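*Asks:* Residue numbers (my numbering), protein chains in the order written: chain A, 186 to 761; chain B, 364 to 548.
Check the hints yourself; a few may be wrong.
Said to hold, decoys possible - Dumping the calculated DSS-like pairs for lysine-lysine here, alpha-carbon to alpha-carbon at most 25 Å:
{"#": "1", "chain 1": "A", "residue 1": "Lys203", "chain 2": "B", "residue 2": "Lys367"}
{"#": "2", "chain 1": "B", "residue 1": "Lys367", "chain 2": "B", "residue 2": "Lys441"}
{"#": "3", "chain 1": "B", "residue 1": "Lys446", "chain 2": "B", "residue 2": "Lys511"}
{"#": "4", "chain 1": "B", "residue 1": "Lys367", "chain 2": "A", "residue 2": "Lys211"}
{"#": "5", "chain 1": "B", "residue 1": "Lys511", "chain 2": "B", "residue 2": "Lys412"}
{"#": "6", "chain 1": "A", "residue 1": "Lys546", "chain 2": "A", "residue 2": "Lys628"}
Hints were generated in silico from the structure; no laboratory data involved.
Just so it is clear, the structure is predicted and the values come from calculations on it, not from any experiment.
Next come the chains, spelled out residue by residue.
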Amino acid sequence: MSGGYNEIHPEPTTFWSKYIFSFDHKVIAKQFLWYGIFFLGVGGLMALLIRWTLAYPGVPFPVIGNLLFPGSNGIVPPDTYAMLFTLHGTIMIFYAITPILIGAFGNYCIPLMIGARDMAFPLLNMLSFWFAFLSGLVLLISFITPLGAAAGGWTSYPTLSTLIGSPGAGQTLWCVAIFLFGISSTMGAVNYVTTVITLRAPGMGYFDMPLTIWGLWLTAILNAIFVPVLGAGVILLILDRIMGTTFFLAGASATSGSGDPVLFQHVFWIFGHPEVYILILPAWGIVSDLLSFFSRKPAFGAKATALSMTSISILSTLVYGHHMFTTQMSPLLTQSFMTLTMTISIPSAIFFANWLGTIWKGSIRFDSPMLFSLGVVFVFGLGGLTGLHLGTTTTDLYLHDTYFVVGHFHYTMAASVLLGGFAGTYFWFPKMFGRMMNETLAKIHFWGTMIPLNGIFFGMLLVGYGGMHRRIYNPFIYESLQRLIPVNNIITMSAILMGAFQLVFVYNFILSLRKGPKAEQNPWNVGTLEWTIPSPPPHHNYDEIPVVKCGPHEFGNPNLKTGRDFQYQTEELVQA
Amino acid sequence: MTFKRSEAQINLASNIVIISMAMLFATLFMGYAIYRSSAPVWPPYGTQKVSLLLPSLSTLILFMSSFFCHQVLVNSRKADFKKAHFNLNITIALGLGFMILQGFLWSQMKGAGLYVSSGIFASLTYAFTWIHFAHMVLGVLALFYLKKVLKPQTQNILTKTSSVGNFWYFLEIVWIIMFITLFVF
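With the sequences and hints as input, model every part of the structure.
*Replies:* This is the structure:
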């Protein structure tokens, strides 16, 4: 299907219409980027507070501890600790990764990479950002409510999240914030899916789309289908908390008819497992493209990669039960969920092998986007392998709720997505802002992130395997866990180091925005459509809608006589 | 600022919106099925079923509104916008009538001692009807929007009419499922 209007919108003239309530997908992308980076900082600081508490229980947090916790002489109090791990997860997943990977890159890349002038629904696009903004505001306000913010974990399982476990308004505001964010995500999803289907440039078939667009498109489809599932769950939780319904309250079922706390877990993970792929698919797409661009080779098995991502998206909807093996699920069900979970390994292995096939014997350029992409290959490989232990019922029963789970999902979701996000930022920064980032600082940032990152997350796998449970304020009151204190110290030192190196990124970002060398139209020498127009692109993107004549990964064609090693997508494929 | 959009874009987007909302209601009905199948008796001991009169009347009214809503599209296709407006007004009136009846239903349930906190049966009945009501508000707002743009010179008017109509039918289908599950059986 195609045939959407690709009109030129009038250019905004006032400050408000240009930068605040903008309809332009490029401006909205940047709004999501600032928003995501802000929350990345907030969530990152929370991570440091958590890690400090685990490595040095009872010791005041340095420098800002007394300012943040004057009542406890700078020591993180136990109730605040619960709020911190709850909000750290919530913020990183919904308010940092989602806005950057989906909001920023989705908005920026989709129209530019498919040859469109804007999204199909610019007003809806603007509303999507402002609903996200409102949601973030509600979440931040929850910190200053009398009993503090939500403290039931990012999964908000009842009864921790019902009035029994969390009597304050913080948990209610958490639910409201998530619901508002769900509206924002659904609006974005409607726009992304419609834009990709109806506004692709003439000649661009689905397999001519860059894999970045495949990742973002599949993410949007999963978002449209599964975010409302969580929406339903949080509505019922809000009603339980405010209106007195009893959906998640256990009781005597024969008389009053009881609720079911475990039902929320089902609802949460029906959404939650696809959510893992919602977050990671854009990063996979970006990395699949960048590996080809910087290896100067066509993406190995690009169609198979796209189809593998599609298969994974479908399978991701059928495996949620592996998060709930310990809820007295029937063995028949656990075995079914385990088998389906293992099935995901097949398409995952295909596209992972395709990544390796792409870089194999390539003329690799180790620019910063490539370094971060290679980082994703490493951490996702490790994260994926540790997932096998948790998808297998027998091993999961031992590892469930330990730091092994934390290490696993940080490798797959946090590390892969973070590194993928940095790869995308370094790659598209010249197009977004018309200036180049400093490569030396970018490389320092990469190694300063990559090495401590493994110190943190591999350390988590070790302490988890050693039996350390997650979400305990001071696990070392248990004698058996005291031997894990040194590893926890290493994890925390790595986290502080990694946090410090993020300042290099912030410095580079701000410095490059102001004083970076002007970017050429196509500084990386790649052929996708966005590099055929100036950096930054004009308001309407394309003077004339491009006609696509070849795929996005045409590199190293020996018949090329242009002096380049790549072809633009607007050029006929050179034949022998 | 106004933006031009094609029929394909409006159709696709409105269908995705309906799929999203259908997933929300599907989750609610999944919850209902679990509560219902795990309860030894239904409704639980000490809980009275809701009288069928008001829910049946609501179903009838919503069914009639869908009929008139369909007529709006039929009239618009024939470019008879005067009749289309007439039928749209009836659809809106019936929609508002349905919403008023919901108020009476909640009042009747309260009068019969069935409070929100009276257990899972009451929780389901109140919550589902509230959530459906919230969507009805969106539906009526969509009908008012249609009333504003229902004229021959409006771009893609037939697609807009059918999209609003599809949403209205969707709300009716959800209500019928609620009627059967919550009130009849």
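*Asks:* Tell me, which hint numbers fail for this structure?
*Replies:* 5
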